[in-house]
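Enquirer: Take a look at the letters that make up each chain.
Number of protein chains: 2
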Amino acid sequence: MTSGTLVPVFAALGDETRWSILAALGDGDASASALAERLPVTRQAIAKHLAVLQEVGLVEPLRVGREVQYRVVGGELSATAKRLDALSAVWDRRLAAIKEIAEGL
Amino acid sequence: MTSGTLVPVFAALGDETRWSILAALGDGDASASALAERLPVTRQAIAKHLAVLQEVGLVEPLRVGREVQYRVVGGELSATAKRLDALSAVWDRRLAAIKEIAEGL
DNA sequence: GAGTAATGCAACTCAATGGTTGCAGTAGTC
DNA sequence: GACTACTGCAACCATTGAGTTGCATTACTC
Chain A
21 MTSGTLVPVF
31 AALGDETRWS
41 ILAALGDGDA
51 SASALAERLP
61 VTRQAIAKHL
71 AVLQEVGLVE
81 PLRVGREVQY
91 RVVGGELSAT
101 AKRLDALSAV
111 WDRRLAAIKE
121 IAEGL
Chain B
21 MTSGTLVPVF
31 AALGDETRWS
41 ILAALGDGDA
51 SASALAERLP
61 VTRQAIAKHL
71 AVLQEVGLVE
81 PLRVGREVQY
91 RVVGGELSAT
101 AKRLDALSAV
111 WDRRLAAIKE
121 IAEGL
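In order, the protein sequence lines correspond to chains A and B.
Counting from 1 along the first sequence, just add 20 to a position and that's the residue number in the numbering used here.
Counting from 1 along the second sequence, just add 20 to a position and that's the residue number in the numbering used here.
A portion of the hints provided could be inaccurate.
Stated by the list, open to error - Straight-line distance between alpha carbons at most 30 Å, and here's what the computed BS3-like set of lysine-lysine pairs gives:
#	chain 1	residue 1	chain 2	residue 2
1	B	Lys102	B	Lys68
2	B	Lys119	A	Lys102
3	B	Lys68	A	Lys68
4	A	Lys68	A	Lys119
5	A	Lys119	A	Lys102
6	A	Lys68	B	Lys119
7	A	Lys119	B	Lys68
8	A	Lys119	B	Lys102
9	A	Lys119	B	Lys119
10	B	Lys102	A	Lys102
11	B	Lys119	B	Lys102
Claimed, not checked - Sample of chain A residues lacking proximity to chain B, with all beta carbon distances greater than 12 Å (derived):
#	residue
12	Ala54
13	Gln64
14	Ser108
Calculated from the structure, these hints are not laboratory results.
From the three backbone atoms N, C-alpha and C, an ideal C-beta is built for every residue, glycine too.
Start from the sequences and build out the full structure, keeping to the hints where you can.
Expert: Next up, the structure:
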């Protein structure tokens, strides 16, 4: 009920730079170096972000020759949305029940 | 496209303690002091968490006599789910388009 | 094989944040 | 009016995390 593995995904999504990276990857797969040319941060910073994104399954690495390209795992985002939706449904029911009680039965 | 006000909400949801607080509030409205009796952290720590939850609209304060009870704003959770769902739909389309191109026209 | 261009790893800085304790203020209760 | 219990504020500590620079390593290219 406490959402299990959801929290780390939210934590990963709670950072603007990470969204910039996802947005950039949305234009097509890219390596950390390539991303560094498009974003105002270092390659290493991007590498770290990619690591946390990969950790929660939002992105996956793909070795191409001497570089490592990253690709957005679309399914993970949808899955997160669905799980959050399910959670919010539970919440709504719960809150409705409370309200009913509070409004004096 | 970068989701605007969504990121802070995710950041707020990316913390286990905050979920504990939300879960506890799910059993009914409660004050920071009341929550402190049920959770393994200080009242002040809870107060801070409540502040960030309130900041992103997940919770709202309600003065009752000399105490301030907090209530989960159910709608905000659902709204976040919906916005994330919409976002992931955009992503899926985008990724599908890329895949199509990548697979050689 | 030499050169080049990518990744990987490590150490470091700095700011944010989760947490604490302590105290002041405020508002019910007797 | 005195007591009590709750909130609010401030200072402080420790940890995490975003970001940097520097260097080693690996793997294509010529």
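Enquirer: Which hints from the list above does the structure break, by number from lowest to highest?
Expert: Violated hints (numbers, rising): 4, 9 and 14; every other hint is consistent with the structure.
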